[in-house]
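Engineer: Full structure from sequences and hints, please.
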Amino acid sequence: MRLFSKKIFLLLALTALFQGCKKEKIDFSSQVKPILNKRCISCHGGVKQNGGFSVLFREEALDTLESGKLAIIPADVDHSEMIRRINEKDPEARMPYKEEPLSKQEINILTRWIEEGAEWGEHWAYNPPQPVIVPKSNRLLSGFANSSEGGWAKNDLDFFILEKLVENDLEPSPEADRATLIRRVYLDVIGLPPTLEQADAFINDKSEGAYEKVVDQLLASPRYGEKWASWWLDLARYADTKGYEADRSRTIWQYRDYVIRSLNEDKPFDQFTVEQLAGDLLPNPSNEQLIATGFHRNTMNNEEGGTDDEEFRVAAVIDRVNTTWEVWQGTTIGCVQCHSHPYDPIRHEEYYEAMAFFNNTRDEDVSDEHPVLRLYEGEDQKKLKAITAWVARHAGEDRAIEVNRFLKTLEPKYHAHVFDQFQNGELSGYKWLNIRPGGSARMKGIDLENKNHLYINYSMNEPGGSFEIRKDHLEGEVIARVSLKKAKDFRIIDIPLKGSTGTHDLYFLFQNPKLEKDRGVCAIEWFSFQEDLPGNNSSQLATVKNSFMDLLKAEVEKTPVLIENTPIQKRETRIFERGNWLLQGDTVRPDVPLALNVASQQVTPDRLGFARWLMSKENPLAARTLVNRFWEQIFGYGLIETLEDFGSQGIPPTHPQLLDWLALRLMNEHQWSMKKILRDIVMSATYRQDSRVTEDALQKDQRNQWLSRGARVRLSSEQIRDQALAVSGLLSKKMYGKGVMPFQPEGIWNSVYNGESWKQGEGGDQYRRGVYTFIKRTSPYPSMIMFDGSSREVCVGRRIRTNTPLQALVTLNDPVFVEAARALAKRMVESDPVSFMEGIRHGYSLLTFRDIPDEKLGILLTLYHDAFGVYELDLAAAQAISNDKNGTAQLAAMTVVGNALLNLDEVVTKE
Amino acid sequence: MMNGDQIFETFRNMSRRHFLLQSAAGIGATAFASMLGGCANDRTGQLNKVSDAMAPRPPHFPAKAKRVIYLHMAGAPSQLELFDYKPELRRLNNQLCPTSLLDGKRFAFIRGTPKMLGPQAEFKQRGQSGAYVSDHLPHFATLADEVSFLKAVHTDQFNHAPAQLFVHTGGPRLGRPSMGSWITYGLGTENSNLPGFVVLTSGGKTPDAGKSVWGSGFLPSVYQGVQCRSEGDPVLFLSDPEGMNRDLKKKTIDAINAVNREHYQEMNDPETLTRMAQYEMAYRMQASVPEVMNINDEPEYIHQLYGTTPGKASFANNCLLARKLVEQGVRFVQLFDWGWDSHGTDEITAIDIGFRNKCREVDRPMTALLLDLKQRGLLDETLVVWGGEFGRTPMQENRQNKTNPYSGRDHHVEAFTMWMAGGGIKKGMSWGETDEIGYYPVSGKVSVHDVQATILNQMGLDHEKQTFQFQGRPFRLTDVSGKVIREIVA
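Line order of the protein sequences matches chains S and G.
First residue of the first sequence: 1, per the numbering used here; consecutive thereafter.
First residue of the second sequence: 912, per the numbering used here; consecutive thereafter.
FYI, nobody ran anything at the bench for these hints, they're computed from the structure.
Certain hints may be false.
In silico EDC-like cross-links for lysine to aspartate or glutamate, where the CA-CA straight-line distance does not exceed 16 Å [to be verified]: (1) K1016/G - E311/S; (2) K1313/G - E762/S; (3) K444/S - D420/S; (4) K488/S - E462/S; (5) K471/S - D420/S; (6) K1116/G - E756/S; (7) K1162/G - D1151/G; (8) K885/S - D1151/G; (9) K1016/G - D308/S; (10) K733/S - D765/S; (11) K1116/G - E746/S; (12) K570/S - D257/S; (13) K1161/G - D591/S; (14) K1162/G - E762/S; (15) K734/S - E762/S; (16) K733/S - D257/S; (17) K1313/G - E516/S.
These numbers come from a predicted model, not from an experiment.
Structural biologist: Here's what the structure looks like:
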């Protein structure tokens, strides 16, 4: 043993000597930072700074310690306390404290690094991708000439893969057989298997461009957007309910459809990003651009009685910050809420600077989900156009945009949260202004310049109430007086205001002489101060005004959107001490973390500026993060396995050069086209490989991270459902619209204070693709969740695949899958009414596009016979399993075989 | 500590070992399945190490408890009518609440100045320990010497859904794994034919926070709680489709696995072998779950003891099922009983009417559960936990400055009572005290995270080491706090 360690030591010493001879400078990121992260930073980093020492930032590391000493003095190893302490013999004084001492090699690296000046470096991921030379001429690869010379590689991507395969002593696999390949590419690109005809056409097409033709057809198919939407909606945490206690429905499917449409039209990712993060800030935004902002309205909304709206507004904003950084930057910023990042150079206050971009939207956790986009149709749409044109003609384009925005979003307006100084009144349920007879409340700092109208949304369950609005103080000038009608449901009214200029506090006084002083009967949800409509000199103004009120009162489709606060409504963002939103510290301005703004760009301090910064080519992370996500979807693992963390604590990339090459190609050649980058991937020889694995490859690379074979991955929850419906002929091709409810067992939905129920879809809606299935956050669709689907509570970048007995129960017994088996059986029987053997052959090829091998056929034939034997003697059972009064033993037995087929490993797996 | 990648490795390694074993010994699918269950097999030493996601794994240190039964009274029962006796509060009944208790506080519903509400129950000291238990729980009162009371538990969430999430997942927002998920992730389970983490609900509703209180959060979905139901399939999709008998189902699964074995010869993917084993296990669960969920065949004295009526979803039935499940080696059984939110807005939520009825519903069954576990020698290794998500205010609730029509109390975060029994917990212990009106803790204050740390501790898990790497940092049940409550540990 002793001898052994001596040998190791010698080896290390020699290595060190050798490295020393080479005089290559120690690299901070690849050599020093891993040691600091692993051995030092948990006590000396963003969370704890024991002894006043932190190795997170250089200036902190070089600062004076609590002891008065200096831990690191550049180029002065002898006086650097850190070096003394890691070499200390006394275990009480040695660092890391009470842990295994550092190895000789680690000490050597740290020592040399300080000798060389203790320079800090940047984590690779924070530097923009640099142009990469495709390793075509690598001598080692000479055995694998490129395609044109009849070799393995099909495109440039393959050379990067080959390089690593050779390094790891692995060989690429040949191309998969055509049946496997066509099924694979269909499932990957459109999420559905091909029909038998589509598969046969490809299998028989011997022309050179046959595969390419298929790929291009698939990318152009509307099914493509439906498939890839599931991926994006996991990131967007899209769901059809609001979450938390009552978890009531939310109508935001327009956003889901926006994603499908955008993917189908191959909207460039930069545009896709800007629309979703800041569509409302684009000049005169279209409905589509507003709907896109639903991305961040997918945060949860708490409607539980007695919850503080501000608390859950803040929770939603924090979720938006964390989600944005995870989705676009692969950066885990959540931990910076409470303290500086434990490992990566992001400071506590930088979290709140990042939050400041998102902290200025109008939504405030109110139950009606304001702000919403009101989608006018037909006559209403005509009225909207007419009013907008009217205002443009009489008061100019800018004013027209304002009026149009108010009619479409009811913004800008104030929620009752803005009130204070209550006398005999309060905010009921933290939401509605509720002043009792004789009481009052104040609204602070309202811009009244040219505002002649106040629109409010109120309800009142007793007649006889009236409001007075006074300016500046309780006894101030009365600027409005209005009697309110009893209104059981909320209604919008227009209250004329006496003209004012400038900004004022307003006092609302409520009276109802018929009621006792302690009866609260009136609830007001929101308040909007508006200018007169222009065109005073025209006789048509009255008509326009009527149309205006008609639109405000119209019952229309609505979908939640982001709308920015007006300058006067602007919120300050303050640092939360230790992440506690009730302990607010210094005020901050919107900004991006210094370490991630390598090009030191000026960022316009709003969401639009931020979104544009994200998509600038100097941003090192956005393109890398995206191509990595595509890679993971196709191959099962990312080039960086931790899709959500490109920081120094994430898993380093397997193919760093390929990652950068793809990122640059996405931004430059492809101008952010997602279809084109996907096309590059599926056209490669790497993608087309056979997924059979040799014993040798399994030993060397069990998880296939070097890709010496094709990916073999279990299908996603959506694919499992869609495939069963497709091969059985049940699948509905209908696109878009509100979430649909396929079969679900009784008694799954049981939320408190929620009268909603699961109503199974009809007329084909029960057979829609999984992407359209209604997702209730606190009670997700059972079969989807069992196959690792997401419940969409928070952003999910990758689903961890599991393999459980409950999954087997779904595909064996869930009536959805039994029905699919039945329909598949009918197709099998109909394909050859005489020979059941031919029927089984047909069924197998419908699923795999291959001829069934004799052994498998034998097994399934036996199953058929056994089942037939049972059903021949028990016709009632036969009719039950085939759900058909005329069900024969033949059809019943085939249903059993169909059920088995849908459960085969090769069927639930992409091969 | 395992992260997502390591756990994936575990799945892989398991399959890999199956693969090796199969090629060496050529054993069939049934043998795989037993290995997957993690049963020790003496013939091959290696098999002892075979672990799948749910196979038993050793704790961090020797455990006092092997199983947990957690009884959650959803809606939050009043400690002031059950365990925390406050004679002074009776004296102050109907007096206005001093503003010092209201300033800077946030209540769910109380507005303006409420009045104090004296205890709406009679209290007596019970047993050797002299613990106060009210007349609302006459049966449970006889077991006061069996349990440890925590009378100054504190939470920081005053709404149901966030508070329930806080109790069960350690955080008030959705997305974190529940306690049962953490424990099965850490320890696996002892019976591969049953789910390792079972959830039973009564009271007609799922708890306020929905299924997320037994979700697996960012842990693999295999660790989520499996809801066993009294109506319909006890586990979703457990029963065979109509017209498919057991024998034919067996033949179907054998055929599926035989085809898969052929396919495995071709593809060589270990994942195929895992899938075959899971199909075997699914088949066995189809028999074992209905068996354990069937209480018809229990002897009459057991029905008497629990007050059970077969075929009806009730807390009593769920208590009996909990006993049956832990007896079969299920690791974590979570009960939720809904209907404890006694605001006093109507009879059902009146502290002197509806609340009393709820107490009657749970008193006998929860007592029976402890007695039954004890007589079977299971209590020593089974930790039983009882509690709500917060407590109730010493004030009578008033809304919009009007006193509610019935006696009722609002949500109270400062102090409430929980109890634990069995599983290495002291008997006849009471820890923590509140002030004279039960408003603030005055000693022995413990947090929800402390309770969680203690539960993990009894299961042999160090709550600081039981972590999972997610979004770039290690997460744990107790977030960044939590301390084992040594005072109640035997």
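Engineer: Could you work out which earlier hints the structure fails to respect and list their numbers in ascending sequence?
Structural biologist: 2, 8, 12, 13, 14
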